[in-house]
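Quick note, the sequences are listed as chains A and B, same order. Read in numbering that gives the first Met the number 0, the first sequence has 351 at position 352, and its numbers run on one by one without any break. Read in numbering that gives the first Met the number 0, the second sequence has 23 at position 24, and its numbers run on one by one without any break.
Treat the hints loosely; a few may be bogus.
[What the hints assert, rightly or not] Negatives, chain B to chain A, calculated, CB over 10 angstroms:
hint, residue
1, 2
2, 8
3, 15
4, 25
5, 26
6, 64
7, 68
8, 77
9, 78
10, 99
11, 106
[Stated by the list, open to error] DSS-like cross-link-like pairs, simulated, lysine-lysine; straight-line CA separation at most 30 angstroms:
hint, chain 1, residue 1, chain 2, residue 2
12, B, 75, A, 422
13, A, 348, A, 369
14, A, 216, A, 277
15, B, 75, A, 117
16, A, 277, B, 46
17, A, 315, A, 339
18, A, 422, A, 315
19, A, 348, A, 368
20, A, 339, A, 422
21, A, 348, B, 75
22, A, 284, B, 102
23, A, 369, A, 284
24, A, 368, A, 422
25, A, 420, A, 358
26, A, 358, B, 46
27, A, 353, A, 369
28, A, 348, A, 422
29, A, 315, A, 420
30, A, 353, B, 102
31, A, 353, B, 46
32, A, 216, B, 102
33, A, 109, A, 216
34, A, 339, B, 102
35, B, 46, A, 368
36, A, 315, A, 369
37, B, 102, A, 368
38, A, 358, B, 102
39, A, 216, A, 117
40, A, 216, A, 315
None of these hints come from the bench; they were simulated from the model. Just so we're clear, the structure is a prediction, and the values are computed from it rather than from any experiment. We put the beta carbon where it would ideally sit given N, CA and C, even for glycine.
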Amino acid sequence: MGTGFPQADFRNTPHTAVVPFYLYAAVSLLAGSVLLFLSASLFTGHYFNPGSLAITHIMALGWGTMIILGASHQLVPVLTEKSLYSLRLAHLTFWLAACGIPLLVYGFYKMDMGWPAKWGGRLLLLAILVYVINLFRSLQHGKKMNVHAVYILTAALWLFITAFLGLTLVYNFTIPFLPQDILAYLPLHAHAGIIGWFLLLIIGVGSRLIPMFLISKYQQPRLLYVIYFLINGGLLFYQLSFLWLPAAPLLIPACLIGTGLFLFVFYCIQVFRQRIRKQVDEPMKISLLSVSMIVLPLLTVLVLSGRLLSGEHQLKTVQLYGFVIFFGWITALILGMTFKTLPFIIWNKVYHEKAGVEKTPNPNDLYNKKLFAVMALIYLAGFVLFSAGILLGMISLLQTGAVLLTGMAFLYCLNVYRVWKHKPV
Amino acid sequence: MMNVISNHTMNATIALAALEQVIDPEIGLNVVDLGLIYQLDFDETEKIIYVTMTLTTQFCPMGDTLTAAVRRVLEKTFGERQVRVELCFDPPWTHERISEEGKRFLNQ
């Protein structure tokens, strides 16, 4: 006897392919914040210095990329409607990246571009290659790709390009072969990562998860494709004009990408307005706040691309640009999304056998909400103070901001530990 | 019994009442009011209950837990019968499947 409905092939990703990435990211956030405090005075000078390079890479790779890689192992099946191809490859990605990142960060901190930075870069590139293969094989079999899968795959390819460019720059320190100064290539590497990897992935994932969590009636895949082409078009224009049209105005790619971002904010507003679920929890609020925080780097990049500033002000704006991306937009999003996803992963592990039979706590009860609220407040205060410190060139503000951000990172780690070690009640 | 197909109305009513204990932990609403149950069939000769259900999103990470909970609740309610739960995403779940009670809950 059967039913008239077609049966679905269903297989979730186990927590072992996800949780280690979250734990690694939490430790990286703490290390990055401590490093920010130790190097606070460097934020009054040029952005190209060992401290800034180390902080940028620990935040971009150890914090942002690691947690996104882990979460994407869990979310790829949700977004693409296909199971993850290989658990072994997911574990291999973790170990390669986990060994590569500290070596690379150490290399930058000590400005040692010998074996630590080179091996760090190689291991990282390999980790990303393994991730791309796993993702590609997961998407290969089955139905036609949806818009979210297109975003994720493109983002992963940009991540690979970013890492490849980065390793090329590391090699150029010891064996100079590039025609121009290394500083000329940094924006290519940085924007491939920030826009190609982080932005595309966040839009691809956010455009699926935000409506899912809010149970929204709003669906607009065409708009998402328009955003996809605007952002990729802008980024490609930027990268290719560097090689063939160096005099091309930066405002063209900035406007293309800016329009894409504006449309994504519009998409999120529509999703929010047409939601069925009226209650919005704290992690969701902070995630939505991060969507509006996209405006900050956009404003700074518009100022920079207009070439309106000179000398010291230009350098400060570049510092601010990097800070609002890694400690602002990306951090706010992850702070919110961690406590939207990790408690469910752990709840599933702990209460899988008990659901429906015994009374179980709500996954939202696995993290401490007061600790979360204090963390969010400290984070916002630290973020504002440090940003003001960069603009005003005041070391005392930078240090106070960094202390608050370190406090935020400590509370975040404490709450993550609490969720991770949750025992059945 | 809104939106649920069954070959045995009385048993289906009992089953749905029992399944109200199974809560989607993200939304906080039970699987019946969410409209996740598509079909309940009772094979009286083989003593098997066939459940066809869906999830609010394909490959929802809670999928395994929810299907296992549905199976356990029905095994407990109907004693000696076997329960077979199948997932189905065609047709996909939409918000229109949420019951009036469920909509009131989400509107709070």
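Consistency of the hints with the structure:
1. 2: holds (13 angstroms)
2. 8: Correct as stated: the minimum Cβ-Cβ distance to chain A is 17 angstroms, above 10 angstroms.
3. 15: For residue 15(B), whose nearest Cβ neighbour in chain A is about 14 angstroms away, the distance exceeds 10 angstroms, so it holds.
4. 25: violated (7 angstroms)
5. 26: Violated, since 7 angstroms does not exceed 10 angstroms.
6. 64: It is violated; residue 64(B) is separated from chain A by about 5 angstroms at its closest Cβ, not greater than 10 angstroms.
7. 68: Since the minimum Cβ distance to chain A is about 3 angstroms, residue 68(B) lies within 10 angstroms and the statement is violated.
8. 77: Given a closest Cβ separation of 14 angstroms, the condition holds.
9. 78: Fine: 15 angstroms to the nearest Cβ keeps residue 78(B) off the interface.
10. 99: holds (12 angstroms)
11. 106: Given a closest Cβ separation of 5 angstroms, the condition is violated.
12. 75(B) <-> 422(A): Since the Cα atoms of residue 75(B) and residue 422(A) sit roughly 26 angstroms apart, the hinted pair holds (cutoff 30 angstroms).
13. 348(A) <-> 369(A): Measuring from Cα to Cα gives roughly 24 angstroms; hence the hint holds.
14. 216(A) <-> 277(A): holds (13 angstroms)
15. 75(B) <-> 117(A): violated (60 angstroms)
16. 277(A) <-> 46(B): Given that 30 angstroms is the threshold and the Cα spacing comes to 42 angstroms, the pair is violated.
17. 315(A) <-> 339(A): violated (35 angstroms)
18. 422(A) <-> 315(A): With a Cα-Cα distance of about 47 angstroms, the restraint between residue 422(A) and residue 315(A) is violated, given a limit of 30 angstroms.
19. 348(A) <-> 368(A): holds (21 angstroms)
20. 339(A) <-> 422(A): Holds - the C-alpha atoms of residue 422(A) and residue 339(A) are around 19 angstroms apart, at most 30 angstroms.
21. 348(A) <-> 75(B): holds (22 angstroms)
22. 284(A) <-> 102(B): holds (22 angstroms)
23. 369(A) <-> 284(A): holds (15 angstroms)
24. 368(A) <-> 422(A): holds (18 angstroms)
25. 420(A) <-> 358(A): Answer holds: residue 420(A) to residue 358(A) is near 20 angstroms, not above 30 angstroms.
26. 358(A) <-> 46(B): holds (28 angstroms)
27. 353(A) <-> 369(A): With a Cα-Cα distance of about 27 angstroms, the restraint between residue 353(A) and residue 369(A) holds, given a limit of 30 angstroms.
28. 348(A) <-> 422(A): holds (10 angstroms)
29. 315(A) <-> 420(A): Outside the cut-off at roughly 42 angstroms; violated.
30. 353(A) <-> 102(B): Holds, at roughly 27 angstroms.
31. 353(A) <-> 46(B): holds (25 angstroms)
32. 216(A) <-> 102(B): Since the Cα atoms of residue 216(A) and residue 102(B) sit roughly 13 angstroms apart, the hinted pair holds (cutoff 30 angstroms).
33. 109(A) <-> 216(A): Violated. Residue 109(A) to residue 216(A) sits at ~52 angstroms, over the 30 angstroms cutoff.
34. 339(A) <-> 102(B): holds (22 angstroms)
35. 46(B) <-> 368(A): With Cα atoms ~47 angstroms apart, residue 46(B) and residue 368(A) exceed 30 angstroms; violated.
36. 315(A) <-> 369(A): Violated, at roughly 35 angstroms.
37. 102(B) <-> 368(A): holds (26 angstroms)
38. 358(A) <-> 102(B): holds (24 angstroms)
39. 216(A) <-> 117(A): violated (49 angstroms)
40. 216(A) <-> 315(A): violated (43 angstroms)
Taken one by one, the earlier hints fail for this structure at numbers 4, 5, 6, 7, 11, 15, 16, 17, 18, 29, 33, 35, 36, 39 and 40, listed in ascending order.
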